[in-house]
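Kindly generate the complete structure, drawing on both the sequences and the hints.
Chains as they are written, first to last, in this note's numbering: chain Y, 1 to 260; chain H, 1001 to 1260.
Hints are not guaranteed to be accurate.
The calculated lysine to aspartate or glutamate pairs, modelled on EDC-like cross-linking and capped at a C-alpha distance of 20 Å, are [what the hints assert, rightly or not]:
(1) K1019(H) <-> D17(Y)
(2) K19(Y) <-> E1076(H)
(3) K257(Y) <-> E1193(H)
(4) K1054(H) <-> E1013(H)
(5) K19(Y) <-> E1014(H)
(6) K1237(H) <-> D17(Y)
(7) K235(Y) <-> E1058(H)
(8) K1235(H) <-> E58(Y)
So the derived list for chain H, only partly shown, Cβ under 8 Å to chain Y, looks like this [claimed, not checked]:
(9) I1020
(10) Y1023
(11) P1084
(12) L1086
(13) S1153
(14) Y1155
(15) G1186
(16) R1190
(17) N1229
(18) I1231
(19) R1240
(20) A1247
To be clear, the hints were calculated from the coordinates, so they are not data collected in a lab. Quick caveat, the model's predicted, so the values are computed rather than measured. Just so it is clear, CB atoms sit at the ideal spot from N, CA and C, and this is done for glycine as well.
Protein chains: 2
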Amino acid sequence: MAWHVFIPDSLLEEANDPKIKAYKVGQVARACAIFGVEHIWIYKAGGKDGKFIKLLLEYAETPQYLRKRIFPITPELKYAGVIPPLQIPSHKPKAPPRIGEIREGYAYRKGKKLFADIGLDRPALIKGVAREGRGTFKIISVNPLRVIPAEPSEYWGYKVHLSRKTLAKTLKKANLDVVIATSRKGVDVRSAEVPLEGEVGIVFGSPKKGVIEILKEYNEDYEFDLILNTIPEQKTKTVRTEEALLATLAIFNFMRKRGD
Amino acid sequence: MAWHVFIPDSLLEEANDPKIKAYKVGQVARACAIFGVEHIWIYKAGGKDGKFIKLLLEYAETPQYLRKRIFPITPELKYAGVIPPLQIPSHKPKAPPRIGEIREGYAYRKGKKLFADIGLDRPALIKGVAREGRGTFKIISVNPLRVIPAEPSEYWGYKVHLSRKTLAKTLKKANLDVVIATSRKGVDVRSAEVPLEGEVGIVFGSPKKGVIEILKEYNEDYEFDLILNTIPEQKTKTVRTEEALLATLAIFNFMRKRGD
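Here is the structure:
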């Protein structure tokens, strides 16, 4: 099972302050990491921040020790420092390496050999087939330090997809088993059967427009498996996307079976 | 039934940026407002921001049109502008008054008479007994504009209590029917019976220390009705207070009976 979260590129339309914009993206990153979301999709909804949201989400997801290699200093990252660390398993601290340990790294060529920066004080020689760039590695020898490409064995982070397409098109591209839209006008979560099996898409609207309104604006239609109100009897006039995200994922996590 | 949320005065210890500190308090305010929390208690846990947290929570809870009367300009309010509006029923927009309408106001003496600023273009004469200061009023006549003191008929906001006492002492003072602590080491919420009747206290730790650790630090003990892990199988090493708050209230709201 994997969760796919869909957020609009207009996520930040109500924030004017660039520091707060960065912090808000950090909240999305944190919410998705806390509950083990595997994919974040940014769909077209008239906003201008798609690229910025993607950049900051990816920056947040990257282990601290790899950020300098992967992200050139750009004005967009000026306030990235306010993003709280995700502290997910892939964000390993610097510690003496252990055989069998899995670490996120960055592969680069040096002469005829491939080495990986895995956040330790020396590079690791890569055995086996690997590509340059970011990858996941398992330590097979400490002295000398050697790694092989590997698959993570626990939650490792999320992938970010900037679809540049409208919501219905983005959902089709994602090819999911179940798609749930969140809406104040949806079915009360307290009386709904929520299907959380397979690849599950969870769709959020923007601060100013709900999911259904956004679809209409692009003359689109989509047959959701469920349109769900996850915050029944809300006392505020509106709920912000990042608030709805955390609340909804908390409830879905509560509904989810152990270890799923 | 009423919900009481308990947060430590060390809530902001991990934020250095004053703008982010203000925003974080705003997140607490928003979470409490969304789910209709009636009381926020700030307990002593070694932090220095108790007064600041109280001020900003109260600022957020005050209707925009009364803020200038109630809050003198102080350096602590410098970044209050980043706090998102709560948009709760007491935060009424300026609109032609209607008889029977309830509005939050500020009573002041002028000569022998008491008037209330209820956020309209003219003051309202108060009939009946009222005290100077903030209060809730019902419009009984539009021309001339007259009000009487009244009780709100829907969720109206929260009260903030800066206890200056440790957690166990603060809890005793609050005199609750049920007290639930949140802790990563608590009972999995998926297998717990959560009592949500009467005056319910919901206790949160600080970014660096859990509820139990904070009690120990002051050589205190408290018999909670339940110690609950509301984010089972969390994928991040820690969950921040404001994140735990929103997630926990979302789940409790989900568990709560309709209209309760």
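What are the numbers of the hints the structure violates, in ascending order? 6, 13, 15 and 17
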